[in-house]
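Peer 1: Residue numbers (the numbering used here), protein chains in the order written: chain A, 61 to 362; chain B, 61 to 362; chain C, 61 to 362.
Hints are computed from structural coordinates only; laboratory data are not their basis. Take these hints with a grain of salt, some might be off.
As the list makes no split between identical chains, a pair holds if one copy fits it or if it spans any two.
Stated by the list, open to error - Taking lysine-lysine pairs in the BS3-like style, the calculated list, with each CA pair at most 25 Å apart, reads:
#  : residue 1 : residue 2
1  : Lys280    : Lys165
2  : Lys286    : Lys96
3  : Lys165    : Lys285
4  : Lys90     : Lys297
5  : Lys353    : Lys297
6  : Lys90     : Lys285
7  : Lys356    : Lys192
8  : Lys286    : Lys253
9  : Lys297    : Lys342
10 : Lys253    : Lys297
The structure displayed is predicted, hence computed values, not measured ones.
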Amino acid sequence: MNSLIELLHIESVSGDESSMTDFLIHYTHKRMSTWKVTPEIYFGDDFHDCLLLKFGKPSTAVFAHIDTIGFMARYENQLVPVGGPEIIEGTYLVGNDNLGPIRCKLHSYEDAIYHDFGRPIERGTRLSFEQKVTIDKEFIQAAYLDNRLGIYSALQLCETLENGWVVFSTYEEHGGGSMPFLLNFIQKKAPVKHALISDITWVTDGIQHGDGVVISIRDKYIPRKKFIEKIISIAEKSGVPYQLEVEGAGASDGREIQFSPYAIDWCFIGAPEDNVHTPFEKVAISDLDAMVKIYKVLLEHL
Amino acid sequence: MNSLIELLHIESVSGDESSMTDFLIHYTHKRMSTWKVTPEIYFGDDFHDCLLLKFGKPSTAVFAHIDTIGFMARYENQLVPVGGPEIIEGTYLVGNDNLGPIRCKLHSYEDAIYHDFGRPIERGTRLSFEQKVTIDKEFIQAAYLDNRLGIYSALQLCETLENGWVVFSTYEEHGGGSMPFLLNFIQKKAPVKHALISDITWVTDGIQHGDGVVISIRDKYIPRKKFIEKIISIAEKSGVPYQLEVEGAGASDGREIQFSPYAIDWCFIGAPEDNVHTPFEKVAISDLDAMVKIYKVLLEHL
Amino acid sequence: MNSLIELLHIESVSGDESSMTDFLIHYTHKRMSTWKVTPEIYFGDDFHDCLLLKFGKPSTAVFAHIDTIGFMARYENQLVPVGGPEIIEGTYLVGNDNLGPIRCKLHSYEDAIYHDFGRPIERGTRLSFEQKVTIDKEFIQAAYLDNRLGIYSALQLCETLENGWVVFSTYEEHGGGSMPFLLNFIQKKAPVKHALISDITWVTDGIQHGDGVVISIRDKYIPRKKFIEKIISIAEKSGVPYQLEVEGAGASDGREIQFSPYAIDWCFIGAPEDNVHTPFEKVAISDLDAMVKIYKVLLEHL
């Protein structure tokens, strides 16, 4: 789990993901000699801060977003949210501007948010939750499990993947915007019929820690029934523990596949977390294990 | 009107439209020998559950969505809406899961919705309004006139159509998502400049039962004035009774044409209904007749 | 500033921009002999009411929307907003229908809006704010500075531009819809990596009249940090006065670039105004000057 700990300490608030991209490019080059299949690698200015790995002859693509929620400095000591972070009085935030490193506390007052840093922070500076990782036998707790675990699971998949795209997308927490050009590229280079969203979902009254990886039948958006049934049937045969989610809200990179100009079936599959979008997101390690396993099974059988 | 009665009894809640697609494919193969022009037919996995009919050399496409609003079983006895159904205490709902057929009543309590079925319903199971069709000399009343009448009108159009696309789309009631790939295909195969949305709209303070088919000048979205004027001018000459709608809300497959990467003019044209998104939607038969007629005229003169 | 005064007196509420398009086509043909580079000109039915000018070998595109907010006549004496106009009791509105010219006053009552014209106005008729332009040494005040100033600035840019697209888009005030097909055309004809949105923003607690052109770090949507930093660095060296905006709301044609299938970096750059979406929008002339200047600098150095 060393690579996961590393992932958790990289700051990449939406729109400023290049540190994470650099890490992933470096990781890929270092590790791919041990992978079963050597992927074609696509990144650089034509892909903004995204990274695509093409293994063999893909019919399925796996997407993991590499950005996180956070905050941006506005005027005076005001902050504007990036994505939808929970606003918790006194939360420690960190970042950097041209004057140096920043560590400050969040305060909220009448629906507005402020920082208490001892000097003005340059306009547009991004701030992240201060990271604190806790791991015991049962649980991992940290900021940004959403979506460091999705990235981690996708990287585990790379080790044995024979055919498929593994794609690291940006901006997801703030409305998206990289998926359309990623899909455009994928469908021209080596088109797919299926997409899986490697991301983290919610513990709710129907989804519990320890009951397995979540296959999402719907969130705010609804994938096609035929495809969900195919996935459930493969999962059922695999013996990997899974649970079925039915929500009326929430969205993922799947949304942009649904509305893309391609007939690609999609499904969100990932471990559930508690304390969503707080500095102490919490996931059961057995659910993360099931997540890693189900992706290996699905990419073989879809 | 036998085919309309059949259409009204097929369940196809958004994301699970394959029964309707199968019906339409069968209907087309059975009837097309009597049609003036034999269309090219496109369907299958590359089109998800959509169906496209290409007649002659098209400059206009007609879109009718084949999905309906409904409900999906969540956890315990909870339901989540699909699209925007009216929540009416005691409404009968029907469906099927792996344990058999389902008939139950809807209950609402503090903004949540429940069913009263005697056993748990499998997660993700879709439920529809129980169908009851009533037809007299003046009116037809049933669940899902929206958009069975739009499909019916499009099928009537097929009988005499010489040039044009007739397209059956999916997911419309729940945010859309098939239009982008349908438009991508159409613009590559035989591109169009105009699109008409064959769908059902609302009786309001400016739109009355019996006053003719509705030409919508705007809903939440605004088609181009030049195109609307052309349509009104053709309608005016035709003698078919019509009324003009101006609304600030509501949307249709036209929305996805507006935001598509093609400069295609669009307009929503359809009969108005009362009791929108309830089990007892109501449309004047004379308005449906006018709808069928105006499409024949427009496809000839646009 | 004569051309600006002319621009301000043309009515072009979203969906009915053809008068403005005609003016711009005429203007271009009249003036382009004095421009440093003669552009290729694209307009006509394939572009709806948009106009594109291609200068040399573009790597950047500048977008200025030519539509305005306004109102549309509904039933009886009701009005529906087009875009988001401020509703100010007693505001004078003007327009035309088939019965002749219209001048009336706006009234609001319980969240609905009405006009007081002496006869019914034809359904779907667009009404604009009555125009009144006031210019002194420091300020210009008028209806529709948003986005007549953006158009004006783009036209000034044309005089010396060597390489770049200058694009006049439609529908922006009402959700957009021309950008996707404009981008599709641009990326096929002469693709770009950068887009600048020539539009007018807001005076707020961090943005003041007279402090220079606004470079927007974010509005509701967030452009990529790397690109914003490049723009700020060019602006800094240029000596043109500028100020940095960080907002949580508001959107522009940049939104549709963010969600396009192309990896195009974008940034909103324009003068700030007070009294947004009222008949008396107000902009400092020095900020407009800075806007004109920064575009010339950026198109040379990006």
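Peer 1: Evaluate each hint against the coordinates.
Peer 2: Against the structure, the hints:
1. Lys280 x Lys165: between (33 Å within a copy, 24 Å between copies)
2. Lys286 x Lys96: So lysine 286 and lysine 96 fail the 25 Å test inside a copy (31 Å) and across (35 Å) alike.
3. Lys165 x Lys285: Answer is between: at 24 Å across copies they meet the 25 Å cutoff, but 46 Å inside does not.
4. Lys90 x Lys297: Classified as neither: same-chain Cα gap 35 Å, cross-chain 40 Å, threshold 25 Å.
5. Lys353 x Lys297: within (13 Å within a copy, 53 Å between copies)
6. Lys90 x Lys285: neither (40 Å within a copy, 27 Å between copies)
7. Lys356 x Lys192: Neither. Shortest intra-copy (30 Å) and inter-copy (48 Å) distances fail the 25 Å Cα cut-off.
8. Lys286 x Lys253: within (13 Å within a copy, 33 Å between copies)
9. Lys297 x Lys342: Neither: 28 Å inside a copy, 47 Å across copies.
10. Lys253 x Lys297: within (22 Å within a copy, 47 Å between copies)
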